[in-house]
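There are 2 protein chains.
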Amino acid sequence: MNPTAAILLIGDEILSGRTQDTNGNHLAKRLTEAGIDLKEIRVVPDDHATIVAALNALRHRYTHVFTSGGIGPTHDDITADAVAAAFGARISVREDARAILATHYANPDDLNPMRLRMARIPNGAALIDNPVSKAPGFSLDNVHVMAGVPAVFTAMVESLLPSLTGGAPLRSVSVRVEKPEGHVAAALADLAKAFPDVSIGSYPFVHEGIFGTNLVARSSDKNRLKQVETQFLTFR
Amino acid sequence: MNPTAAILLIGDEILSGRTQDTNGNHLAKRLTEAGIDLKEIRVVPDDHATIVAALNALRHRYTHVFTSGGIGPTHDDITADAVAAAFGARISVREDARAILATHYANPDDLNPMRLRMARIPNGAALIDNPVSKAPGFSLDNVHVMAGVPAVFTAMVESLLPSLTGGAPLRSVSVRVEKPEGHVAAALADLAKAFPDVSIGSYPFVHEGIFGTNLVARSSDKNRLKQVETQFLTFR
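Chains as they are written, first to last, in the working numbering: chain A, 11 to 246; chain B, 11 to 246.
Treat the hints with care, as some may be off.
No distinction is drawn between identical chains; accordingly, a pair holds when it is met within one copy or between any pair of copies.
Said to hold, decoys possible - Calculated pairs, DSSO-like style, for lysine-lysine (alpha carbon to alpha carbon, straight line, at most 30 Å): (1) K144 to K203; (2) K39 to K232; (3) K144 to K189; (4) K203 to K39; (5) K144 to K232.
What the hints contain is simulated information worked out from the structure, not anything from laboratory work.
Okay, chain A solo, but in the shape it has when bound:
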C-alpha cells in the first residue's frame, strides 16, 4: 500500500476566484511520480478556526498533509499559528529560522517585526528549505507547511520530497480515440472488469467539431498497463 496524502490550500483569493490555483496540480503530479496517493484537495479561507478544523480532519486520515499559503509577513498570514493550535504546540520566533531569514536582508533593519513573523515556527517542527526567498516552511509531524507563491511553493516541494518515503510510482498510458464517449463506454466497462487492478478512465473532448475521448489507464505495474494500452488501441 502506498502512503496517502491530502493538500490543504489556504487563501481567500482562491475562493473569490481572483487566483487560479496551480500549486495543487503541480504537487499532484509530483506526488504521483513519487508513489504517494493523493486522496483529497481542500481549499479553505484565511480563518483560524476553519484551518485548525481542516488540519485535524485531514492529518489523522492521511499519511501526509501538505499546506500552501498563509506563511508570509502580513496580518492575514495565520497558517503557522493554526498548525501550532491544531497540534497544541507552542510557537514563537525560533532562532534557527530568524538566522536564515536574516541572510536575505543586507540591512538588519529590514528584518522588521512583521517580517520576523515569518520566523515563527512551532516547537518540534523541522524547517523546509526555501532557496528562493529564504523564509522557511516547516514540517510538524505529518503536516508540511509551504508558501503560496508558486515559485516558492515549487522550490519547497523539491526541498521536501526526497525526505518522504514513497511507494511504487503510478504510471499512466493515454490513447486518443476520435469517437464520442458513449460509443466506447460499454467496451470500456468490460475492460475495467477484466483489469480490476488497473484504474481505467475516459475523458471526453470536443476539438474542431470532433467529439472524441481520451482513454487513460493508471497502474504501478508496467506490464498490466501495456496490456490495457493494446486493448485501448482496438477502440480506434
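Since chain A is already given, all that's left is putting chain B on it; use the hints.
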C-alpha cells in the same frame, strides 16, 4: 448575510495531476459576482462512499453545494447515484431526461444503454439545461450536479445561476505596489484594523527582478472600498 456555498470537484484525473481544474475558478468568480460566498472547495476521487460522505458533510453546512464531474456515460460516472444515496432518494432513468437526451441523436440506436445512464436522475430533482450536449445536470434540494467538461460545466452554470437567490455582490479593488510585502505589512495591518468590515489581503509577486505586492480589498460596500483604495495608493 449572503448565502454560502461549497464546490465539490469529483475526479481521479484532478488528483493524479493529469488535469488542471479550471471549473472551480470559473464558478468561484461567478459566485462572487452573484453575491454567494464560496467557503470551501474539495476535490475527491471517483469513489462512491467518499462522494457520499463529502456531500453529507457539505450540504448541511452551506446554502448550496455545486458538483462537477462524473455524470457521463461510462462506468466511472457515479455522481448521480452517489447524490441519490446521500439523500436516500430513488434513482432511475427518467422520461423527461431521456426525451431531452434523445434529441441529441439522429439515429435512435445511438441512445445505447451506456448513454441512457445519463438520463438516470434522482426522484424529486429539477433538471439543469445543457445547451452544449443535451445530457442534463440536476438540482436535488441544495445540491447542484453538473458536468466536468469545462464547456458543458460553464454552460450549465449559466443555466442554473439565475434561479438562485444571491446577496450583495462582493466587489474588489486592487492596487499594485512595487515594494516587497514585508515593507507594507505593518501599515496594512493597521489599515485592516481601521476597516474591520473590509477584507484586506496582500499578494506578493516577483516580476522582472522586482519584488512587489498586489494589495486587494473586498467588500460589497462601494464607498468603503473607495476609502481603502485611497489608502492603498499612499503605499506606493
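Here's how the hints hold up against the structure:
no. : hint         : in the structure
1   : K144 to K203 : between (51 Å within a copy, 29 Å between copies)
2   : K39 to K232  : within (18 Å within a copy, 41 Å between copies)
3   : K144 to K189 : between (51 Å within a copy, 17 Å between copies)
4   : K203 to K39  : within (27 Å within a copy, 40 Å between copies)
5   : K144 to K232 : neither (40 Å within a copy, 38 Å between copies)
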